[in-house]
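Q: So the protein sequences, as listed, match chains F, U and Y. In short: position in the first sequence from 1, add 261, done, that's the working numbering. In short: position in the second sequence from 1, add 52, done, that's the working numbering. In short: position in the third sequence from 1, add 25, done, that's the working numbering.
Source of the hints: derived by calculation from the structure; they are not laboratory data. There could be a bad hint or two in this list.
Incomplete in silico selection of chain Y near chain F, CB under 7 Å [as the list claims (entries may be wrong)]:
#1 A34
#2 A92
#3 V99
Take a look, some chain Y residues computed to stay more than 12 Å from chain U by CB distance [unchecked claim]:
#4 I27
#5 L44
#6 F89
Bear in mind that the values here come from a model prediction, so they are computed numbers and not experimental data. Just so you know, even glycine gets a beta-carbon here, dropped at the ideal spot from N, CA and C.
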Amino acid sequence: MITNFGYVLLFIITGALFVGVALFVSKLIRPDRPNDTKLMTYECGEIPFGDARIQFNNRFYIIGLMFLIFEVEILLLFPWAVVFKEIGWFAFFVMFVFVFLIFIGFIYELGKGELKWDIPAPLIPRYEENVGVIEEEEKRETVPSAKKL
Amino acid sequence: MIEQALHSISQFYPEIVIILTLCVIIVADLIIKSDKPVTGWIMLGGLVISGITILFQAGQNGSFFYNMVVVDPFAVFFKLLLVLAGIFVVLFSLQSKELDSYYTRKGEYYMLLSGMMLGMMLMVSSTNLLMIYIAFEVTSISSYVLVGFTKKETDSAEASTKYIIYGAVSSGIMLYGISILIGFTGATDLAAINDALQNRADIPMILNISILMILVGMGFKIAVVPFHFWAPDVYEGAPITITAILAVASKTAALGLLIRFFSVSFIDSNGLTATGIWQTIEGIHWTTLLGGMAALAMIVGNLTALRQDNIKRMLAYSSIAHAGYLLMGVVILAQEGLASIMLYLFIYLFMNLGAFYVAMLFSNSIQTESIEKYKGLGFRAPLESIAMTIFLVSLTGIPPTGGFVAKLYIFSAAISGGWIWLVTIAGITTVISLFYYIRVVKNMFFYKPESNEGIIQFDLPSKTILLILLVPILLFGIYFSPILEFAKNSVQIFGM
Amino acid sequence: MIEIDWYLALSAVLFTIGLVGVLIRRNAIVIFMCVELMLNAVNLTLISFSSYHGDVTGQILVFFSLAVAAAEAVIGLAIILAIFRNNLSVDITKVNLLRW
């Protein structure tokens, strides 16, 4: 007979196992080719520090939008999960249809190459002696600055 | 539970077909790399199959999915209209030159269009506030994107921005109205709301305000004054095919929703059988409101249309005016009024789609949407110009076209309902509308073309489509009794 | 126990703030934030009525309205991206090509 604390303990152990096993398995499978860009903070070539008001890559925005859509669909899974036990296989079938439709949307997104990340050279503000941050100011003449947003 | 769900699914085939079409289009768009518009043909096939499954639902009267969706003659009639409009719009899209420069995104266009069809079909058949809201939003969200489909053109992107801002705000207001209504009645089912309201001794003022708020959302979709400000801009900026579906199908669906919502929720069911005219629940005054809105729509729509030069914009104002005539049928509160609305919608579908189609053909071949530039077109493209003339004459409501019959029925129903002042306004504005419709005809036929402008050739498919749109208008101008019978048989609304 | 009136008053105030924000702000992104505020005010109304009646339908509607609001926000932001590419600005007073 497991007490409530026992459940919590089991939960903690399972959680720890999940992390450990996942890390270990991916260590075995993944290719290991460290380079300069990959060893930076965000592992993707974005500059980790500097002025907050730079124009960052548009892809972040688009991928953020896509993430938002798929994330909010999770919301509808919660009430389903609560009543799942009472309704049984029928509920499973209903949610299968729902997730399948989302999955088709995801396949489309993937197939259209919207998740590809070919990044153009980031705008790096360059500091010059006596002149200040000239590069950035010039950029702001041609492309509207974050302030206008 | 499973039995009921399976039984419900068997009544849900039209919508399921549309959903499957959407999925097939998505997959086909990924797999098939062809120059031919495969996705468009898939959608056409899906719509035809869906239309056939709707025909099998004729005469049924029942409620499904735990009272979320109904299949009744009223819904079947509206769904048929919507699918018909959808089929025509897909046929138009297959020929549109405007969309051709976005050929890599054609798949997206058709999947959004099928999403919009799904939303509209649910709009006319849902009886639960939850379902109504979702169907409303599915339609809106797809149409926001479709309006901005040709996004590299500045006016399309602008139209889309205006549309989504108006749309988001008015649907927010509608949701607030819905939440107050739910709070006061404690029910989301339309029939249950009716019960709850009839058992209340007093109707608080806030309830009337919530009805007004719900009317904002629906009025936005129907594009009736004073919620019409988006319509001209959006109609002008959107691709013509999308303008056509917004002016016809979206309006039809919203009107179906409005009729179902108001006549199920706020009708006093004790006064149903005694006379032909129904009574609203005491203390709720939405008919006066709707009557005022109808009058305003007729006046504003027709007067503003007088000074438009862009054909799409002119048709937009004319569609606002037509929304006014249609609402006139709603306020009568009688079987007769609803039947006349359905007849009107049926003929409106053909004449308005026809006018948009000719406008699209002209825009394809001479790259203009300006009425001034239509000068001399009557000699360069005689058949199309004559067709346009017939569509416009029918929109005005002159015999022997279908438009005359439609207007006649709605006017006579309003007179027998006692709305004399409304009919007077409608009559005067109809005369005014003649001026701007005739201006197009005048420009086409009363000016000689420039010597360097030759005859414009149109291909066979476009002539066929034009003929299909033309025949019903001329036919129903003379022989309209079958469609009137069909409309009269279709006014049974579930739960009323 | 806080009475339901207070919740309703709060949501009405939030809704009004959102509506006024939509009417007076010029930045398209801020307008969408205001629309979200309106929708969330409605959610508050629904939830408070739902707990008042002891009935979960209102809460279910909130789930759907949240999902719809997210979809609407995504479409709105994508459209803002389109006008930004054309106008190089998200100021909606510059979106004035189509008039009368």
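Q: Checking each numbered hint in turn, tell me which of them this model violates, lowest number first.
A: When the structure is compared with the hints, numbers 1, 5, 6 turn out to be violated.
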